[in-house]
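Could you put together the complete structure from these sequences and hints?
One-letter residues, chain by chain:
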Amino acid sequence: MSFDDAYQALTDHDDDARWAYGTGFADPLAGVPTELPEGVDAADLAAYCLMLGDDALILSHRLQQWVTRAPELEDEMAIANIALDLLGQARLLLTRAGEAEGAGRGEDDLAYLREAAEFRHVRLVERQDEHFGHLIARLLVFSVWRLALLDRLSASRDPVLAAIGAKGVKEVAYHREYAAGWAVRLGDGTPLSHERMQAGLDAVWPLIGELFEPHEVEQRLPGVAIDRASLRSEFDAVIAQVLEAATLDRPTSAPSSERGHGPELAEILAEMQGLARATPGGVW
Amino acid sequence: MSEQVFEATIAKDQRIEPRDWMPDGYRKTMIRQIAQHAHSEIIGMQPEGAWITRAPSLRRKAILLAKVQDEAGHGLYLYSAAETLGADRGDLTRRLIEGRQKYSSIFNYPTLTFADVGVIGWLVDGAAICNQVPLCRSSFGPYARAMIRICKEESFHQRQGYELLMTMMRGTPAQREMVQDAVNRWWWPSLMMFGPPDGESPNTAQSMAWKIKRHTNDELRQRFVDMSVPQAEALGVTLPDADLRWNAEREHYDFGEIDWSELKRVISGDGPMNAERIANRRRADEEGAWVREAAAAHAAKKQEVPA
Chain A
1 MSFDDAYQAL
11 TDHDDDARWA
21 YGTGFADPLA
31 GVPTELPEGV
41 DAADLAAYCL
51 MLGDDALILS
61 HRLQQWVTRA
71 PELEDEMAIA
81 NIALDLLGQA
91 RLLLTRAGEA
101 EGAGRGEDDL
111 AYLREAAEFR
121 HVRLVERQDE
131 HFGHLIARLL
141 VFSVWRLALL
151 DRLSASRDPV
161 LAAIGAKGVK
171 EVAYHREYAA
181 GWAVRLGDGT
191 PLSHERMQAG
201 LDAVWPLIGE
211 LFEPHEVEQR
221 LPGVAIDRAS
231 LRSEFDAVIA
241 QVLEAATLDR
251 PTSAPSSERG
261 HGPELAEILA
271 EMQGLARATP
281 GGVW
Chain B
1001 MSEQVFEATI
1011 AKDQRIEPRD
1021 WMPDGYRKTM
1031 IRQIAQHAHS
1041 EIIGMQPEGA
1051 WITRAPSLRR
1061 KAILLAKVQD
1071 EAGHGLYLYS
1081 AAETLGADRG
1091 DLTRRLIEGR
1101 QKYSSIFNYP
1111 TLTFADVGVI
1121 GWLVDGAAIC
1131 NQVPLCRSSF
1141 GPYARAMIRI
1151 CKEESFHQRQ
1161 GYELLMTMMR
1171 GTPAQREMVQ
1181 DAVNRWWWPS
1191 LMMFGPPDGE
1201 SPNTAQSMAW
1211 KIKRHTNDEL
1221 RQRFVDMSVP
1231 QAEALGVTLP
1241 DADLRWNAER
1251 EHYDFGEIDW
1261 SELKRVISGD
1271 GPMNAERIAN
1281 RRRADEEGAW
1291 VREAAAAHAA
1301 KKQEVPA
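Taken in sequence, the protein lines are chains A and B. Reminder that position 275 of the first sequence reads as 275 in the numbering used here, one-by-one numbering, no gaps. Reminder that position 91 of the second sequence reads as 1091 in the numbering used here, one-by-one numbering, no gaps.
Worth flagging that the hints you see were computed from the coordinates, not collected in a lab. Check the hints yourself; a few may be wrong.
[Claimed, not checked] Here are the simulated SDA-like pairs of lysine to any residue, each with C-alpha atoms no more than 20 Å apart in a straight line:
{"no.": "1", "chain 1": "B", "residue 1": "LYS1302", "chain 2": "A", "residue 2": "ALA245"}
{"no.": "2", "chain 1": "B", "residue 1": "LYS1302", "chain 2": "A", "residue 2": "THR247"}
{"no.": "3", "chain 1": "B", "residue 1": "LYS1102", "chain 2": "B", "residue 2": "LEU1076"}
{"no.": "4", "chain 1": "B", "residue 1": "LYS1302", "chain 2": "A", "residue 2": "LEU192"}
{"no.": "5", "chain 1": "B", "residue 1": "LYS1302", "chain 2": "A", "residue 2": "GLU177"}
{"no.": "6", "chain 1": "B", "residue 1": "LYS1301", "chain 2": "A", "residue 2": "THR190"}
{"no.": "7", "chain 1": "B", "residue 1": "LYS1152", "chain 2": "A", "residue 2": "MET77"}
{"no.": "8", "chain 1": "B", "residue 1": "LYS1301", "chain 2": "A", "residue 2": "GLY181"}
{"no.": "9", "chain 1": "B", "residue 1": "LYS1302", "chain 2": "A", "residue 2": "GLY181"}
{"no.": "10", "chain 1": "B", "residue 1": "LYS1302", "chain 2": "A", "residue 2": "PRO191"}
{"no.": "11", "chain 1": "B", "residue 1": "LYS1301", "chain 2": "A", "residue 2": "VAL242"}
Below you can see the structure in the form of structure tokens.
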């Protein structure tokens, strides 16, 4: 393509979709075998994919809200990048959920047309960040947990979940490194940054109980889903290492294992789903 | 290096590099040109960024998020190019939020519907490409090289925007109306992106002599109109200009008179969104100050204690 013709070339061909590449695959799961593994209940697999997919979708939304608000341009790029990675994970997982369910629902039906009560994410991802210390605290806790989870998921009996796990490990390893790096800089920075980083950690800590509380859907999917309780020791070890380098205290509040959604989910969904729902029959 | 070497380098169409001798006026003009471009990328994240959380499909959300991230990357890249001339990113940002340096006036218009995302890609990024492609041959090396990469990404964004509009035009009547409405609102401001008419563009002659500008504002504007008309036809939208018609004698499209008083108003700070754009940038800068201070404090501590 010649530079001088870049603009002219717009109408030179009729295959516009190729310019949105990396986004609209005819086969969204990229050729990974999609038949269900033996003995797996399709509804349980769909529910499990939604659990992992909704975690990524809702946290991505919270990170998208930071775009144009980051403290420095490098962080603008990093946060958008992490939000994109999580959105990508959500798209694959929602697609797999729709496929397992077998009712013809695709990623957009699941993202845009479900009601709040049908979302299956952990409460940790819903919370609104008050400042950058909250963003980093939540991202640290979430990515330490999710990296441990995806790492084990890459050995799942379900070939699609295994592939999503293997791809996600590379992404979330960076998310964890980014969050840990800022936790150390803020924790061991100025007195104000130390205070705010500790406040961020204290704010998210009550929500981590749910991350390790065994879930009935997981228990019905042995070899396919990951037992959350098994992630605890890796989580504790990594967090302890980061907190020490960051001169931060491990919060003392008792983690709650309560599930369910708060009032913030309604706001998130109103923002995320509003336009799609207001345009019935619309094609995008 | 001396003035003769500088002049000879320009005459031979070769590049001036950061450590070469250059006239003060050239340095100042380049810093201003690059900084304004960087500011435009960063402020330009806002109108479209506002639609990321509301994008109506996950595919469009991913496309838009990646695009806005690219703009942050362009800004970062350009501020770095300005720094090769002795400018400082923090100082340039202060000049932006204090209103002492400008950014493209196009970003002072609101994005009212999701069709605006597509039209910004098609027309605004398209006009930017028309302006920027010749700058890949700017006499200042770091800027010219930055523009090559930026133009490639801008072309990509433009095609994505056009593809969104094509898709929406195949949708419901309400979607087609949305596209036409967005075209009506963005067409004239896009033409203004090329700047004042040649007769009122005082710096053009010097900039062309220094080869940091390769075509006049009116030349580029005509080129943009000529390329856009067939694209509008392919899309099935009308451009809001009753005087727009092919002139066989000139072999160009004639178009109506631009409302220059509007451009002056928007450039001087009185556009629909000027105050909000700057306020948002200022808020991000102020709210991030404690984070940047923490990073600096931490880095200083690490230097004190040798590893």
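**Message:** Need the list of violated hint numbers for this structure, in ascending order.
**Reply:** none
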